[in-house]
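Student: On the provided structure of chain A, position chains B and C as indicated by the hints.
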Amino acid sequence: MSITDQQMHDSHDDHGHHGHYEEGGNHHDTAQEKHRKEHMATWLFIFGDVVFFLLELFFWFYLRANNTAGMWRAANCTPANGKLGPTDEGLNTCTDGLFNPITHAIPKANPVYTIIVFALIAIAAAFVWFAEVQSRKGATKKTTHPLTALALFFVLAAIAAQFYQFQVLPFTTIQGTYASTFEFYMGSNVAHFLLALVIVTGLWSRSRLGKFDNGKWYQLHLSRLFLVWVAASCVILGLVTIFFA
Amino acid sequence: MSTIAPMLLEDTKLEPKAGGFYRHQNFLTGLIVGILSGFIGWVVSLALLQGSNFGSDMVVTVTLTCWVIGFNAGMGTFNAIFRWILGHDQNHEDELYAAGVGQGWKRYWKYCTDHKVVGTQYLVLVMVLFGVGGTLAMMIRTQLLSPNSRFMSPETYNAIVSIHGMIMIIATIIMVSGPFANFIMPIMIGAKDMAFPRLNAMSFWVVVSAVPPILGSFFLGGVPAGWTTYAPLSVQAPPAMDAFAITICTFVISVTVAGINTLVTVLTMRAKGMTMGRLPIFVWGSIIAGGLGLYAMPAFLMAQSALITDRVVGTGFYVAEQGGTGWLYENTFWIMGHPEVYVILIPPVGALIEIASTFARKPVFGYKVMVAGISGIATLSIMVWAHHMFTTGWAPTLADPFMLTTELISIPTGIIFLCMVGTIWRGSIWTRLPMYFLYLFIFNFIIGGITGIYLSDVPADQYFHGNMFVTAHFHYTLLGGGLVGAMGAVCYWFPKVTSRMLNERIGKTAFWVVAIGIQITYMAQFYEGFQGMARRVANYNALFVDANRVSSAGAYILMAGMLIFMYAIIHSWRHGKKASANPWHAKSLEWMTLTPVPLENFLVDPVVTGHPYGYGEPDSKPVAPEMPVPVSANSGGSH
Amino acid sequence: MSYEEKRDEIAEEVKPIVAHTMPFHKKAPAKVVYITIVFTIIGVLLALFLPTHMFPFSMSPEMHDAVLTFVVFTIAAAPVAALVYAIAAYSLIAWRKKGANNNEEPPEDGAPSHGSGLITSLWIGTSVVLVLFLLVWGMAELSAETAQQSNAIQVNVTGQQWMWTFSYPGTGVTTHNLILPEGRQIDFNVTSMDVTHGFWPVEMGVQIDANPNVIDHIAATTNRLGSFDVRCSQICGLYHAYMQTKGTVVTNAQFATWLASQGASSSSIQSYALSGK
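Chains as they are written, first to last, in the numbering used here: chain A, 16 to 260; chain B, -10 to 628; chain C, 245 to 521.
It is possible that part of the hints are untrue.
[What the hints assert, rightly or not] Heads up, incomplete: computed chain B residues facing chain A, CB under 10 angstroms, no partners named:
{"no.": "1", "residue": "Asn42"}
{"no.": "2", "residue": "Gly44"}
{"no.": "3", "residue": "Gly210"}
{"no.": "4", "residue": "Leu290"}
{"no.": "5", "residue": "Glu310"}
Quick caveat, the hints were computed from the structure, so don't treat them as lab data.
Remember, predicted model here, so these are calculated numbers, not experimental data.
The beta carbon of each residue, even a glycine, is placed where N, CA and C say it ideally should be.
Excised from the complex, chain A in its bound form (with noise of 0.2 angstroms):
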């Protein structure tokens, strides 16, 4: 982990200034100072996401808890139970947020599109981790350009991936708790996803400018760091999905 002098040397001299302010830093950052403040703000955004991410968790098994009486997919509901509105015995759980009538059970999505994405996307992150090894390793553009590009072209993926399976879902957003939850993991994935896109974007156009060259691995660190936390979380939302609906 640690820099070696000769690499905080050459990250110092970047603009043939001190490096004030450089990277939001401080006038007299070293590399080495200015790695360890973006590393900590990573590992505490990546906290604040983890807080959300246990909170999407928490819906979905309060959600599931809770619909003992089928409500959850919708289990108990046949065409002849799809009235509509509040009744007498109180509440008509089979009908959609618009008061439509849900007259069969909703089916679970089909868990292969869910594998798909969550593992474009851990292939993405995967090419970032190997950029950030071949850069620690003293790589050049010639590598590390590839290598983010290849990245790039997952999370693109990815992302027409969790697009694509919106669109071949057996209900839809209105149709119960099942349908609800699922659908906001996806646009979950779809927002850490686009986020991802700007950093790999920006890994990608900044490897051709050789700024990983010659040891300046630390902001591919950071991005893998995050990188992986998303494609972790999504695998782990992806197994809930799976295993849990």
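Tutor: Same frame as chain A, now just chains B and C:
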């Protein structure tokens, strides 16, 4: 002055193109781009979505999201991201331009990365927000002057109650951690700026972009559901609710960014010798509140983004017909909501401890105990959320454990009181204006704290919940405690922030009017609570009329006091006596530097050799006794 | 001005005032104790005499519990508040410097004490004891309140925007003005047809939210004849403030007569009135 001047970075001559695109951006371009972007979003979404299910909610959501993004694009929030992607990293000159060099007063209207500019911007924003929230409060109290009041329709009244609540929550969250954790805290630890100056500017301008949507909610049907916006009422509410939720989601981004920035600054940028054990209590308060905000705000984002999807794409998280439940919202909301009140309270408490030590001329009583107390409050606060839900019917079997955790909070709260009065005890009391606010805090917060223990007890809460007693209780803590503490902080750091002394004659007048106003307003509301008046009502039984009139009268007095205080600030800011570097003869680092504070704060790097509370010690030295020889920054060639 | 001069000027300005240790008032702790005792007595007197003037008439043991809890907690908290106020007030009066209001210069430093382990331990120990007391009290009250009594009857409560409907299961009687028999434990089964409401029979001293699609339970025992208020305690939209009605506690005989007048058959009244037994 002539020889010292070249050393101040403010006077550096920059290249004509330094700053790049920042040169063309300011608040006005932010407004223009934001409004244009919102308008385009409105036209496009109207064309595509009008008439579809949830159409009007979608249009409002898209329009306001476009406004937020557009405003920030116009301000320059995204410049650095694009420059990073394109590989045009900012050079030294660009950074100096972004920090406001050579822009005079105009830098206060720009995306300025200097933490002192951001702090000042926050101070003004907080005063504006309190002005808006206070005006709404006056309208509430005017409506309640008599039963069957015709001053406002119930619809307007409910909208005003909701927005008063949320504006005040936003204002109180940023009232100390905005101005002072930005302006003062980095100087206190001997840093040159925050760890991430651009994120610091972002945290401010993102809040600014969050304000118009919530005010716009008045023109979108009004939020009828109180600041808590319990579902499913909030799911059925008019499109105003979308505006409300967009404001929250935007605000969450700001608080998260600010929290990360504060933590990283303190953990990595302390001056030489400034160990964690020598941090002023205010710094401890700032980082604990920042960390707590980092935990709380994602829950707010979750609660409100699920609410948006319920409203805009028809998910059913909170809708009983679709298998959802309002309890899910209530839980998520209060998982945010209870830590959040300590995000509000801890920074003012930290500031008051500084005030206690400075004006009693004594070291802080039990420094470590105090830090442990604040940490204890923060830790417990994430385990108590369901005490807001004792009467909601959710999990009655959990009443006992939540009663336990809630009552446990009174132990660390007691520690805070111990440290405050322990610091004053045997002190040499210098009754300047900040000290007044410390005393008012102690008086009010005891009342707010003790009324809290009735609410923590389920059988008593069965009577007091949802009743004006609760309203009075949290106003005693958040206004009587938090805001009073923030006012003390304003008085204390005013000379450092504005380079002028606060006019204490006007300030003391304001103090007494505010102090009396608070007691009248909220004591009367406690009485309404005892009598059984429900919260958030536009109309009430004749039974409650006396207490309500007293409360309204008190509220007018309180508002008058606040206006006088605001006058004191504005008047002194413009015409006040010039302040010296250390008018309070205090010992922490922020008083060891020039006033006005130069860019990068210190002419020489401070080296800290002791704690900042060395009053009365015979061998006491200033915190950084030997200003070392100038480091290369000043003597070398880099500037 | 050269840099060094400026530096020295700042250093001069922040130079500590030479410390004179304050003469310690030997009698200070005793005086604080006296003030504390006086404040405590005032607090206790207020706790004992004010509630009767502030709370509405209690119409159930649950309401009585709430008032009693208020009194007991106030008495328990009074010494703590009194002590804090006494220390703050005494310090201000005894150790405030003459003319300190407007002095530009601070007074000499106070005592250089950094705290006291003994006092801190005592303080924390006392608060732990008080918290335990509060907790035990609350748990005891709560378990007493939630105990099912043998004579309970069921009342269904439905909130909707913006009125309350009460029905007596089995009798077919539905009303908007709650009528209850005296001396019975009433089990309220509370639900809502639309949004969340707060069912609050004020003088009964209990409160529960009415949530859609859920039935919440709360029990209160009527122990006094007379009328009481029913309010909505959870904001529920436009006419939240107007969502209130009256309740009346009548004798058992009057209650049966009233049910009959609402069209309930005598057998259903019989079985309903006996339902708890």
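Student: Determine for every hint whether it applies to the structure shown.
Tutor: Quick rundown of the hints versus the structure:
1. Hint on asparagine 42 of chain B holds. Least Cβ distance to chain A is approximately 6 angstroms, under the 10 angstroms limit.
2. Among the interface hints, the one on glycine 44 of chain B is violated; its C-beta lies about 12 angstroms from the nearest C-beta in chain A, farther than the 10 angstroms criterion.
3. For the restraint placing glycine 210 of chain B at the interface with chain A, the shortest Cβ-Cβ distance is roughly 20 angstroms, beyond the 10 angstroms limit, so the hint is violated.
4. With its C-beta approaching chain A no nearer than about 6 angstroms, leucine 290 of chain B sits inside the 10 angstroms limit, and its interface hint holds.
5. Hint on glutamate 310 of chain B holds. Least Cβ distance to chain A is approximately 6 angstroms, under the 10 angstroms limit.
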